[in-house]
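2 protein chains.
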Amino acid sequence: MTPHLSLEYRSALADAVGDEHGLNPADLDLIAPRVAEIVAQIERERAAGKRRYRDLPFDEAMLRDVVAAVTRRRGGCANLVVLGIGGSALGNIALQTALNPATYNLLPADRRGGPRLFVMDNVDPVQFAAALDFIEPELDRTCFNVISKSGETAETAAQFLIARDLLQHRLGRDRAREAILVTTDPKSGTMREIVNAEGYESLPVPDGVGGRFSVLSAVGLFSAGMCGIDLAAVLGGARAMSESIARPALRDNPAALIAAIHYMFYQRGKRLHVMMPYAAALKDLADWYRQLWAESLGKRRGLDGREVFVGPTPIKALGATDQHSQVQLYREGPNDKVFTFLVVDRFERDVLIPPAAAADVPEVMRYLCGASLGRLLNAEQAATEYALTASQRPCLSIRFEAVTPEAVGAFFLLYEAATSIAGLLFGINAYDQPAVQAGKDGTFALMGRTGYEGLAAQIHAKKVPT
Amino acid sequence: MTPHLSLEYRSALADAVGDEHGLNPADLDLIAPRVAEIVAQIERERAAGKRRYRDLPFDEAMLRDVVAAVTRRRGGCANLVVLGIGGSALGNIALQTALNPATYNLLPADRRGGPRLFVMDNVDPVQFAAALDFIEPELDRTCFNVISKSGETAETAAQFLIARDLLQHRLGRDRAREAILVTTDPKSGTMREIVNAEGYESLPVPDGVGGRFSVLSAVGLFSAGMCGIDLAAVLGGARAMSESIARPALRDNPAALIAAIHYMFYQRGKRLHVMMPYAAALKDLADWYRQLWAESLGKRRGLDGREVFVGPTPIKALGATDQHSQVQLYREGPNDKVFTFLVVDRFERDVLIPPAAAADVPEVMRYLCGASLGRLLNAEQAATEYALTASQRPCLSIRFEAVTPEAVGAFFLLYEAATSIAGLLFGINAYDQPAVQAGKDGTFALMGRTGYEGLAAQIHAKKVPT
Chain Y
10 MTPHLSLEYR
20 SALADAVGDE
30 HGLNPADLDL
40 IAPRVAEIVA
50 QIERERAAGK
60 RRYRDLPFDE
70 AMLRDVVAAV
80 TRRRGGCANL
90 VVLGIGGSAL
100 GNIALQTALN
110 PATYNLLPAD
120 RRGGPRLFVM
130 DNVDPVQFAA
140 ALDFIEPELD
150 RTCFNVISKS
160 GETAETAAQF
170 LIARDLLQHR
180 LGRDRAREAI
190 LVTTDPKSGT
200 MREIVNAEGY
210 ESLPVPDGVG
220 GRFSVLSAVG
230 LFSAGMCGID
240 LAAVLGGARA
250 MSESIARPAL
260 RDNPAALIAA
270 IHYMFYQRGK
280 RLHVMMPYAA
290 ALKDLADWYR
300 QLWAESLGKR
310 RGLDGREVFV
320 GPTPIKALGA
330 TDQHSQVQLY
340 REGPNDKVFT
350 FLVVDRFERD
360 VLIPPAAAAD
370 VPEVMRYLCG
380 ASLGRLLNAE
390 QAATEYALTA
400 SQRPCLSIRF
410 EAVTPEAVGA
420 FFLLYEAATS
430 IAGLLFGINA
440 YDQPAVQAGK
450 DGTFALMGRT
460 GYEGLAAQIH
470 AKKVPT
Chain D
10 MTPHLSLEYR
20 SALADAVGDE
30 HGLNPADLDL
40 IAPRVAEIVA
50 QIERERAAGK
60 RRYRDLPFDE
70 AMLRDVVAAV
80 TRRRGGCANL
90 VVLGIGGSAL
100 GNIALQTALN
110 PATYNLLPAD
120 RRGGPRLFVM
130 DNVDPVQFAA
140 ALDFIEPELD
150 RTCFNVISKS
160 GETAETAAQF
170 LIARDLLQHR
180 LGRDRAREAI
190 LVTTDPKSGT
200 MREIVNAEGY
210 ESLPVPDGVG
220 GRFSVLSAVG
230 LFSAGMCGID
240 LAAVLGGARA
250 MSESIARPAL
260 RDNPAALIAA
270 IHYMFYQRGK
280 RLHVMMPYAA
290 ALKDLADWYR
300 QLWAESLGKR
310 RGLDGREVFV
320 GPTPIKALGA
330 TDQHSQVQLY
340 REGPNDKVFT
350 FLVVDRFERD
360 VLIPPAAAAD
370 VPEVMRYLCG
380 ASLGRLLNAE
390 QAATEYALTA
400 SQRPCLSIRF
410 EAVTPEAVGA
420 FFLLYEAATS
430 IAGLLFGINA
440 YDQPAVQAGK
450 DGTFALMGRT
460 GYEGLAAQIH
470 AKKVPT
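Protein sequences appear in the order of chains Y and D. Heads up: the first sequence begins at 10 in this note's numbering, then just goes up one per residue. Heads up: the second sequence begins at 10 in this note's numbering, then just goes up one per residue.
Hints were generated in silico from the structure; no laboratory data involved. Because the structure is a prediction, the values reported are computed rather than measured. Among the hints, erroneous ones may be present.
The list cannot tell twin chains apart, which means a pair is met if one copy fits it or any two copies do.
Unchecked claim - Derived lysine to any residue pairs resembling SDA-like cross-links, with alpha carbons at most 20 Å apart:
(1) Lys196 - Asp296
(2) Lys325 - Ala295
(3) Lys325 - Pro343
(4) Lys471 - Ala242
(5) Lys449 - Asp296
(6) Lys325 - Gln446
(7) Lys325 - Asp296
(8) Lys196 - Ser253
(9) Lys471 - Arg358
(10) Lys449 - Gln401
(11) Lys59 - Leu434
(12) Lys196 - Val370
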């Protein structure tokens, strides 16, 4: 579909998994006209100024601003702490895991592409205290990137208040100001008011782009750039994907295929959508996908207002590790899942399993000798796909030519577009999250925020333990 | 149920979530006799020498051997690399995440309880190469704990061959031998033969204990002990749980309640069992549970041999983080899930959100001032439980008095026992994993192992890409 990624779905077809559990080419033909309409509708929405996530890869001014901010800060920064949650963290984590080594934070500065990175996407006190302990000796060389569109997200607000206080007490107001970069709404909101009043450097959360669609903006890119990831290449990869996801013909449009295949399987009772990378570097792409798919498609009401209680449950897994944890269930449990493997054709590095010096390697291990871990991992993927299809479980694969910034950028845009299309197939609004507010309100109530006394009483009456 | 943990399930009852989606006390009464029989059966099996995982907390000789091995090795060891996968890794990871700080590997040696820990539970070449890069300069102070009952697990065998070769070339055969400790079958198997032939120190994988039930043996405990975790306290916590999980009365037996409640909800179409710790330290307990529940209960055939294709899908989530990722789906998607929160009453450390100096904190953030992150996190849990029950989604909670070795040990035994009981409720064998073999065989075939040529031809004929 692009030079960087390809989609395979023959293991989802009846030929591979049988008529009861597979798709027939005729099924694809049947849904193709509806998908073509949906793709056209999204393009019209786009022309009308909506779906602005689609335009981020082309936003050169945004890239320039992010790169300038990175350039200003990178030299003096030993630690970068991102304060954000949900869409203000998952893309940052996914980029870092995919494109920097697993040992990144452990490496000495001259073997890292930038500062150590800590994405604090929770308000766990033990975890937060441990992170603060670690950075405190280098606090004068630590940058904080606060990411919140409104500033009212309780978790990020709490972290910001703690970090600001720590910086002001330890370094004074001026240097505290310099240590903080805020990614927020450029015009309005509580965090914007704080930025204006206190004079922080800031980057914009783009207008009209929801958190879970924002990875290719300053939200996801600033921390990646700080850690040495080639931002132009990430956006370039997304641009290379951009044309194919606008194609009206179902079979030519990988986003449409992903959406349509998952939608059709959902209608046939396969409501669990497992994404299983066979590469440790890609595991947090699956976590990013998990938010995108769940929060976009899990909806009580259809666009017509009727109650539908619809939504696939995305599940992240990891090959080969989860062969020893989940594959027993995946093969023998209820046939209620669709699997998407992320497969890497060419690993950036490989490790050779030493050739057999006959005496030292027992017969039963000798088949491994002289092979490489990369070959073993990909053999395990193919064997698992074989085993699942033998159990009539449908599978797709996204093949990465290699784990490059381009491929990762392409992946993000591909799944964002698939989500838009799936939203219209399911007949729901993929861009809101009405159910999240109740939990936020409940938190306000239990924390004693003014105006929430009634709800607090209600929660206490329900006797949920607090 | 013990001084360390308590189970709450009122948010799973009809009173909390309505008749359609909640349990009635009468439902519990109805299933109680069957559960009592099952608990009695498990106790009989235990008396007959089965279910030996139940006896691990009482095995003083095992504890003594592990502590002795730890004592011998801990001084000279800067890095401990565990080579294992599935049940030979998940318990190790869960203990480390729960009981050591998230920054553990980053800390200088004098602020750590032992060596840095790397649990290599995959054969990803990029990840493995990065880990080898990191440890190589300290290779002479690195220990490898190879964990494999048989030695034939492809992933662990490959890693072992690579590590042994590296050690022998860099340090010579004698010091290579000293650097490796093998946890394996004490009597037979390929790895036992290697241990005997090459003279490695070894610890036993206990007889009659499957991998996913082995965390409280040398399999899980050696690495934990090396990293300074109090093993006696872990086992002591499990012992404190041991009596209550053998009680015949359903309402007095927390393992039976967990099993029965999840079984009843499964029968009513709630087949997704979400475990959502509200503590970053407990997130890998949920990953450990995920293997235990999936691999034990996901089965094609019942004990009577009939095809059942049964099995709940365990899902790990993390509070508060996943409120911004999954809770939209959890509240508004299909009502097909049961939630178990892991809640911590007393955090080991807490972080204060600074009191408001009025001018500096906008009105909408002021409710946070003077509270702590621990209070905020627990308020978010209660608010989420409230929001889910308001959407008629049933919830349980396991409350940890604190995240201590005792509580973590108790948790392991509680869920192992719940799994045994659930297995008999579902009418399946909870202790085998017949479906895993096909993927292993497929890997052998694709790697060219002698004797698997026919299968290789079959896989290639299916045209699964290799």
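Now the hints, each set against the structure:
1. Neither within a single protomer nor between protomers do Lys196 and Asp296 lie at most 20 Å apart by alpha-carbon distance, with minima of 31 Å and 42 Å respectively.
2. In this assembly of identical chains, Lys325 and Ala295 lie within 20 Å of each other by CA distance both inside one copy and across copies; the values are 5 Å within and 13 Å between.
3. Taking the shortest alpha-carbon separations for Lys325 and Pro343, both the intra-copy value of 18 Å and the inter-copy value of 19 Å come in at or below 20 Å.
4. Proximity of Lys471 and Ala242 under a CA criterion of 20 Å is satisfied in neither setting, with 52 Å inside one chain copy and 37 Å between copies.
5. In this assembly of identical chains, the alpha carbons of Lys449 and Asp296 never lie at most 20 Å apart, being 22 Å within a copy and 27 Å across copies at closest.
6. Neither within a single protomer nor between protomers do Lys325 and Gln446 lie at most 20 Å apart by alpha-carbon distance, with minima of 25 Å and 22 Å respectively.
7. Taking the shortest Cα distances, Lys325 and Asp296 sit within 20 Å of each other both inside one copy (6 Å) and across copies (11 Å).
8. Taking the shortest alpha-carbon separations for Lys196 and Ser253, neither the intra-copy value of 34 Å nor the inter-copy value of 59 Å comes in at or below 20 Å.
9. In this assembly of identical chains, the alpha carbons of Lys471 and Arg358 never lie at most 20 Å apart, being 56 Å within a copy and 29 Å across copies at closest.
10. Taking the closest pair of Cα atoms, Lys449 and Gln401 come within 20 Å of each other only across two copies (18 Å); inside a single copy the shortest separation is 42 Å, beyond that limit.
11. Taking the closest pair of Cα atoms, Lys59 and Leu434 come within 20 Å of each other only inside a single copy of the chain (18 Å); across copies the shortest separation is 52 Å, beyond that limit.
12. Only between protomers do Lys196 and Val370 lie at most 20 Å apart by alpha-carbon distance; the minimum there is 19 Å, versus 67 Å within a single protomer.
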